[in-house]
Amino acid sequence: MAKIKIDAYALLKKIRAEKPVVHHLTNWVTIYDCANIVKVLGASPVMAHAKEEVGEMAKIASSLVLNIGTLTVDFVEAMKIAAISANEKGIPIVLDVCGAGATHLRDQKSFELLNEVKIDILKGNASEVARVSGEAVRTKGVDALAVDKNMIQLAQNLAQKYNCTVVVTGKEDIITNGQKIYVVKNGHPMMTNIVGTGCMATSVIGAFAAVEKDLALASVAGLVCFEIAAECAAKNSSGPGTFKEKIYDCLYHLDKKTIDRMQRVER
Amino acid sequence: MAKIKIDAYALLKKIRAEKPVVHHLTNWVTIYDCANIVKVLGASPVMAHAKEEVGEMAKIASSLVLNIGTLTVDFVEAMKIAAISANEKGIPIVLDVCGAGATHLRDQKSFELLNEVKIDILKGNASEVARVSGEAVRTKGVDALAVDKNMIQLAQNLAQKYNCTVVVTGKEDIITNGQKIYVVKNGHPMMTNIVGTGCMATSVIGAFAAVEKDLALASVAGLVCFEIAAECAAKNSSGPGTFKEKIYDCLYHLDKKTIDRMQRVER
Amino acid sequence: MAKIKIDAYALLKKIRAEKPVVHHLTNWVTIYDCANIVKVLGASPVMAHAKEEVGEMAKIASSLVLNIGTLTVDFVEAMKIAAISANEKGIPIVLDVCGAGATHLRDQKSFELLNEVKIDILKGNASEVARVSGEAVRTKGVDALAVDKNMIQLAQNLAQKYNCTVVVTGKEDIITNGQKIYVVKNGHPMMTNIVGTGCMATSVIGAFAAVEKDLALASVAGLVCFEIAAECAAKNSSGPGTFKEKIYDCLYHLDKKTIDRMQRVER
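Listed in order, the protein sequences are those of chains F, S and X. For reference, each letter of the first sequence is one residue, going 1298 to 1564 in this note's numbering. For reference, each letter of the second sequence is one residue, going 1298 to 1564 in this note's numbering. For reference, each letter of the third sequence is one residue, going 1298 to 1564 in this note's numbering.
Take these hints with a grain of salt, some might be off.
You can't tell identical chains apart in this list, so a pair holds if it fits in one copy or across any two.
[Claimed, not checked] Below, computed lysine to aspartate or glutamate pairings styled on EDC-like, alpha-carbon distance capped at 20 Å:
id, residue 1, residue 2
1, 1310, 1404
2, 1348, 1374
3, 1458, 1353
4, 1377, 1349
5, 1356, 1404
6, 1348, 1371
7, 1348, 1409
8, 1300, 1353
9, 1386, 1353
10, 1458, 1409
11, 1302, 1509
12, 1468, 1413
13, 1386, 1557
14, 1348, 1404
15, 1311, 1413
16, 1348, 1557
17, 1554, 1511
18, 1477, 1409
19, 1482, 1353
Please keep in mind that the hints were generated in silico from the structure rather than gathered at the bench.
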């Protein structure tokens, strides 16, 4: 793989100009941060989960974000209704298989979503993605364990199987649409000391997918911007509490020069 | 309209002294911030939504805040039970028609609440309030579009129709009880870059309504205090993340001198 | 009672090394802060409430935290399933009777949990614990009123009745397993000006209980660390908003020297 430069700023600028609506059915733990990171990017988050309205809400959105982090059976039914509507409209769906591997319910519902609707971007950490790929791994709650597998190959196979883009987040992120493979090396260890960076990354990807049809590129650009903001935040904070607030400040002020200078992407 | 001075501090002082209980059935996205802004004001927030207890909880409260931002059919049923109890006790109810216009469910449930129980303060942004008034407008998720209407007239008609106070938030806020009309010009553009300022404003109004029978005045005083805190926060922060935390700091320390000097109210 | 020194740091170090999974069914208002405080401590929070998975999730956890702050009947049913599983595995359960006394539902569900499953640590403020003890008190929402009772005696009786550790939080915290009695005098008045410090304290106790079998000692150590972090945060913040973020920063950096110097424990 070789270092490349992508024009992440062009997409960020597009988000700020177009303010796309990003409809979420997400995790109750991080729902505020999912909404707020999308807002701070310049897009327009909508959180709606009533079965009676999710289909209609997805129709006014430019992308749909699903996150099973605090799933219930009913909540997943609402996700399916929203997803069918999103598929009909042709807007991209990002699925975060948060906690897959921790319980049978999470595995089963991940597979149902992948098989019953068209998921465009499948996102998780190494252990979650490995589990969804059918590989035998054990997870420790929602935190990733090291997975003794060739993750790139696994992600690529999964992307081909579901005809989608697969995003594996970690110290280095893997993004593949089954053909192209990207690795994003931005980010900061402090991200693992707070709750919500994974969910926020998913929502950011949802916002970028709303303005760019090449979903692998959109995912890479989203992760680059979010993780550069985290690097900047780490430099300007005194611990995990102030770090999270500074992510918002840094992302809000993120400019072309900073993105171009700090991005670390390989392909 | 002419510039006037209101004694917002007198009401803030009353909240700090009496610590009224403000019962919420609110938005899951912003529930923490709704509770915390009420707490930082000096009042006592209670969030309870079980049908089995909402009626009883409303009876120990001094005001009730309803927010349909993440409504479900069941959740609105709980709202109605709480509202009937609040009506019986004679405490004011504030309804935030968050996202009205985005889906039929939101419109329908807004109308049900307005027609089945007595709402004392109806609050939304321009497009939400226009929708509830029956005017044909289109909204983009929960974010307000400019509405090509005479909002003051529309708000006044709506206040007369439902015999309530109507609060329309935006760059300038309109508050009317059908007779008196106030405009609050405080606030800061940074408020539109984060999620939750609208919901927090509603909760603040709920706290002021708990200590002042003139609900138009209570709403004006609440918005003045909250938006002055936001102006102060904008001056003392480096972006939207730190801005939100500083709103709490500034509101907590808000004093008579600052309120009197910074308020921008017209009538 | 006499001043003593406990080795709270030894337990904090153990949490940071072992990263125990702490399963929560908690309050929707404070769910992010409950998860994040556990994460910042170095442990691994999991929030899961679907009846279909809570039993399985409890089995991969090292402790279970239950908080009735925003209970519904269904949610308490899920708590019971999780609790039965936790009892089978032999991991400690912490129950925060948040808001007990405010409504009949909260009282009834507190008693059901205490009687139908084995609760290992029962935690509340003075009015909540008094109510659960059967003493006639009136509460004002979830905020504690002064209780005109000998709280230490009351807590001790309750601990003996349910064969558990009782934690009564307030300006001074009482911790007793029915025999030993501790008082923790750390903490800062600013903790009462924000929402969530009570729930966060419960989650911290859950994390300490995951690594120490003496649950009274675990509770004392957890409160000492959390409240020293709050004292440090109060010194380094400009109000309640920045105070909360600094609690995370201070807890994350908390070291042996600081704990040993600042702890104020009596027995």
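Tested hints:
| no. | hint | verdict |
| --- | --- | --- |
| 1 | 1310 x 1404 | neither (37 Å within a copy, 33 Å between copies) |
| 2 | 1348 x 1374 | both (8 Å within a copy, 15 Å between copies) |
| 3 | 1458 x 1353 | neither (30 Å within a copy, 29 Å between copies) |
| 4 | 1377 x 1349 | both (12 Å within a copy, 19 Å between copies) |
| 5 | 1356 x 1404 | between (28 Å within a copy, 16 Å between copies) |
| 6 | 1348 x 1371 | both (9 Å within a copy, 11 Å between copies) |
| 7 | 1348 x 1409 | both (17 Å within a copy, 18 Å between copies) |
| 8 | 1300 x 1353 | neither (42 Å within a copy, 44 Å between copies) |
| 9 | 1386 x 1353 | within (11 Å within a copy, 37 Å between copies) |
| 10 | 1458 x 1409 | within (15 Å within a copy, 47 Å between copies) |
| 11 | 1302 x 1509 | within (17 Å within a copy, 50 Å between copies) |
| 12 | 1468 x 1413 | neither (31 Å within a copy, 44 Å between copies) |
| 13 | 1386 x 1557 | neither (34 Å within a copy, 52 Å between copies) |
| 14 | 1348 x 1404 | between (22 Å within a copy, 15 Å between copies) |
| 15 | 1311 x 1413 | neither (32 Å within a copy, 44 Å between copies) |
| 16 | 1348 x 1557 | neither (42 Å within a copy, 48 Å between copies) |
| 17 | 1554 x 1511 | neither (23 Å within a copy, 53 Å between copies) |
| 18 | 1477 x 1409 | neither (26 Å within a copy, 52 Å between copies) |
| 19 | 1482 x 1353 | neither (38 Å within a copy, 35 Å between copies) |
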